[in-house]
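Q: Residue numbers (the working numbering), protein chains in the order written: chain X, 1 to 503; chain Y, 1 to 128.
These aren't lab readings, by the way, just hints derived from the structure by calculation.
Every residue gets a Cβ at the ideal spot worked out from N, C-alpha and C, and that includes glycine.
Do not take every clue at face value.
Unchecked claim - Label pairs and their computed distance ranges (CB to CB): (1) X:Pro-109 with Y:Ala-63: 56 to 62 Å; (2) X:Ala-21 with Y:Ala-70: 27 to 33 Å; (3) Y:Cys-82 with X:Val-13: 20 to 26 Å; (4) X:Ala-201 with Y:Phe-13: 31 to 37 Å; (5) X:Thr-211 with Y:Val-27: 27 to 33 Å; (6) Y:Val-27 with X:Gly-413: 55 to 61 Å; (7) Y:Asp-123 with X:Pro-23: 48 to 54 Å.
Unchecked claim - Simulated crosslink set (SDA-like; lysine to any residue; CA at most 25 Å straight-line): (8) X:Lys-161 with Y:Ile-36; (9) Y:Lys-122 with X:Pro-368; (10) X:Lys-113 with Y:Met-121; (11) Y:Lys-122 with X:Met-300; (12) X:Lys-161 with X:Lys-361; (13) Y:Lys-122 with X:Gly-363; (14) Y:Lys-55 with X:Val-206; (15) X:Lys-30 with X:Glu-107; (16) X:Lys-361 with X:Arg-445.
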Amino acid sequence: MPILNSSPALPVVLLLPTAIAIPIVALLRKRLAYILTVAVMAVVTVISALNMAKVLDGGPIHYWLGGWFPPIGIEYVLDRLSAFVILVVNAVAFLVLAHSRRLVDREIPDPGKHVPYYAVALLMLCGFNGILVTGDFFNLYVWLEICSLSLYGLVAVGSRKSAVAAFRYLIMGTVGACFYLLGLGFLFTVTGTLNMADLKAIFPQVAGQPTAVIGLVLMVVGFGLKMALFPLHGWLPDAYTQAPSSSSALIAPIGTKVAAYVLIRVLFFVFGVEYVRQAVPVTQVIGGLAAAGILFGSVMAMAQKELKRMLAYSSVAQIGYIGLGIGLANPLGFVGAVLHVMNHAVMKALLFLAAGHFRMKLGHSTVPEFDESVRRRMPWTTAAFAVGALSMVGLPPAVGFFSKWYLALGAVGRSNWVFLGVILLSSLLNAVYFFRVIERLYFVRGKTTAGSPEDAPAAVRAEAPWPMLVPVLILAAAIIGLGLLNAVVVKGILAAAVPPGMG
Amino acid sequence: MTEFVLGHYAYWFIFVLLGLGFYGMVVKRNLVKKLIGMAIFQVAVIMFYVSSAVKTGATIPIADPALGTAETAKYINPLQHCLMLTAIVVGVATSGVAYALVITIWRRYKTLDEKELLERMKDDADPE
Chain X
1 MPILNSSPAL
11 PVVLLLPTAI
21 AIPIVALLRK
31 RLAYILTVAV
41 MAVVTVISAL
51 NMAKVLDGGP
61 IHYWLGGWFP
71 PIGIEYVLDR
81 LSAFVILVVN
91 AVAFLVLAHS
101 RRLVDREIPD
111 PGKHVPYYAV
121 ALLMLCGFNG
131 ILVTGDFFNL
141 YVWLEICSLS
151 LYGLVAVGSR
161 KSAVAAFRYL
171 IMGTVGACFY
181 LLGLGFLFTV
191 TGTLNMADLK
201 AIFPQVAGQP
211 TAVIGLVLMV
221 VGFGLKMALF
231 PLHGWLPDAY
241 TQAPSSSSAL
251 IAPIGTKVAA
261 YVLIRVLFFV
271 FGVEYVRQAV
281 PVTQVIGGLA
291 AAGILFGSVM
301 AMAQKELKRM
311 LAYSSVAQIG
321 YIGLGIGLAN
331 PLGFVGAVLH
341 VMNHAVMKAL
351 LFLAAGHFRM
361 KLGHSTVPEF
371 DESVRRRMPW
381 TTAAFAVGAL
391 SMVGLPPAVG
401 FFSKWYLALG
411 AVGRSNWVFL
421 GVILLSSLLN
431 AVYFFRVIER
441 LYFVRGKTTA
451 GSPEDAPAAV
461 RAEAPWPMLV
471 PVLILAAAII
481 GLGLLNAVVV
491 KGILAAAVPP
501 GMG
Chain Y
1 MTEFVLGHYA
11 YWFIFVLLGL
21 GFYGMVVKRN
31 LVKKLIGMAI
41 FQVAVIMFYV
51 SSAVKTGATI
61 PIADPALGTA
71 ETAKYINPLQ
81 HCLMLTAIVV
91 GVATSGVAYA
101 LVITIWRRYK
111 TLDEKELLER
121 MKDDADPE
């Protein structure tokens, strides 16, 4: 079928018009906005899975927009890495959006903003899909701005303080995009091309020039800002805390990961492993910053009382693991980093959704006010939260263990004992701040039931409704399932995706 | 050395603009002034691209029968200008979102001064 030949472009081509159509369709019936959003995400997820299967079978798929050949035209490329990340992003986003209806109704006070919310969320996903699939640097910039602008909107519909958080995010995000654009400008003046494959071919001739080095460094700073690499993470905690829970659950698992993907793509697949390790040692710098970020994020997370803020700081730490994998720049580190993109997406989506359940049913998500009665009221949500938390700590067989395992092996392979120590220490720190929550949810008697176990059933069972519970339970099952199947993912998909020259 | 400094005068100008924009974003306390800094920062990047398209003695990139099309050195490079048209559109969209946020902040806190804003945000004890 000819339409399937254009499959790399299909997610983008489906999402963009749907995002625009949603406000119009919703004029008929408001409910249609949600239905259309979930339907199109289901289709996009299926297409991504088919694309993944096709890439595994027959190698990378190239698509030339408008029939213009690269390097003049814009090229879309699906290889194992991009197809894998696209599948993860779309599947997680599908689950979160399917979950989001009640949270959106509840946490966004103005009903006039419900329909645009879905439109903007789809626009953001369209941007992410575009970033992941494009093989052209300037096209990447345009998608980056499309998804960033939508992100600011998704953050700003939250609490009273959210507009200020979104404003800060906007300033820092724009600076990041400008740095990237400036870096691209330097590279363009020395190579004269915007196509990634073409730039890769030309690059060795100009690799020694200071202009190329400046371009590379500016690009890394730009994406460091976008992926909230320590110490450029300043925008993240406020943005994730003040955004409505449905937005945080959508942004936190995906947003920073896409920027991390671009960094992996640009550093290892365009500039080449040799160049970014030896000639211009940016990977060492990224690795060092990431290690500092892991410790900083974990310590800050321990200090937080509010659950969403704690999860936001834990995101700063978790993005550090991906940075650590980039810093190692060996096959095991690469596998660990890409595996962690998937793991963290699944875990953080689950944890933020569970935080949303707590907010919806209890009216707050403040950790010191949790007690055993919460577990009595919402046993399934609490259990799912516990699975996610254990995975974050890194207990096998949950997924969280395996990415840390590969990263640790990678650190041993490089004899980098500092990184190994950071991975181990951070697992302990994770254990401290997640067990604190689990302890309150399972073992601490509430004030109302203190002393008299007979009064315990006083807490009425008030679980979140099943349309919200199902996505959360699927994510919890995925944490265990993907953990058990991690060898399939690593051997079947990622082992062959290791960039050339890394072995 | 003087040749290097004078030969790259366009770049020095752009670096000054970048610095001005960054100064505005970081140091200025008024949110609108921060946005003005952001706009200057974006414009500096656009100027950088456009200045890199310049060729001495070349003309606009429209095929001229008198010059022919064989020698590309006679025409300036149009690609950067096309790219920057897109970047300008992106910049306008960013400004639009940013000013919408500024209006929301003003409605909620009745101030655009960063220091006052932080104080008034502290008064909202409610995390919601």
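Q: If a hint holds in the structure, say so; if it does not, say that too.
A: The hints, checked one at a time:
Look at X:Pro-109 against Y:Ala-63: about 59 Å separates their beta carbons, and that is inside 56 to 62 Å. Between X:Ala-21 and Y:Ala-70 the C-beta distance comes to about 48 Å, which lies outside the given range of 27 to 33 Å. For the pair Y:Cys-82 and X:Val-13, the beta carbons lie near 23 Å from each other, so the given range of 20 to 26 Å is met. A beta carbon spacing of about 33 Å between X:Ala-201 and Y:Phe-13 agrees with the range 31 to 37 Å that was offered as a hint.
The hinted window of 27 to 33 Å between X:Thr-211 and Y:Val-27 holds, with their beta carbons roughly 30 Å apart. In this structure the hint that Y:Val-27 and X:Gly-413 lie 55 to 61 Å apart at CB is violated, the actual value being about 46 Å. In this structure, Y:Asp-123 and X:Pro-23 break the distance hint of 48 to 54 Å, their C-beta atoms being roughly 36 Å apart. The suggested pairing of X:Lys-161 with Y:Ile-36 holds, with an alpha-carbon distance near 22 Å, which does not exceed 25 Å.
Restraint check for Y:Lys-122 and X:Pro-368: the C-alpha separation of about 21 Å stays at or below 25 Å, so the hint holds. For a cut-off of 25 Å, the pair hint linking X:Lys-113 to Y:Met-121 stands: about 23 Å separates their Cα positions. Proposed proximity of Y:Lys-122 and X:Met-300 is supported: the alpha carbons are some 20 Å apart, at most 25 Å. For the proposed pair X:Lys-161 and X:Lys-361, the alpha carbon gap of about 22 Å is at most 25 Å, so the pair holds.
With a C-alpha separation of about 21 Å, the suggested pairing of Y:Lys-122 with X:Gly-363 holds against the 25 Å cut-off. Distance restraint check for Y:Lys-55 and X:Val-206: the Cα-Cα separation of roughly 21 Å lies within the 25 Å cut-off, and the hinted pair is therefore satisfied. For the hint pairing X:Lys-30 with X:Glu-107, the CA-to-CA distance comes to about 17 Å; that is within 25 Å, so the pair holds. Straight-line distance between C-alpha atoms of X:Lys-361 and X:Arg-445 comes to about 19 Å, which keeps the hinted pair within the 25 Å bound.
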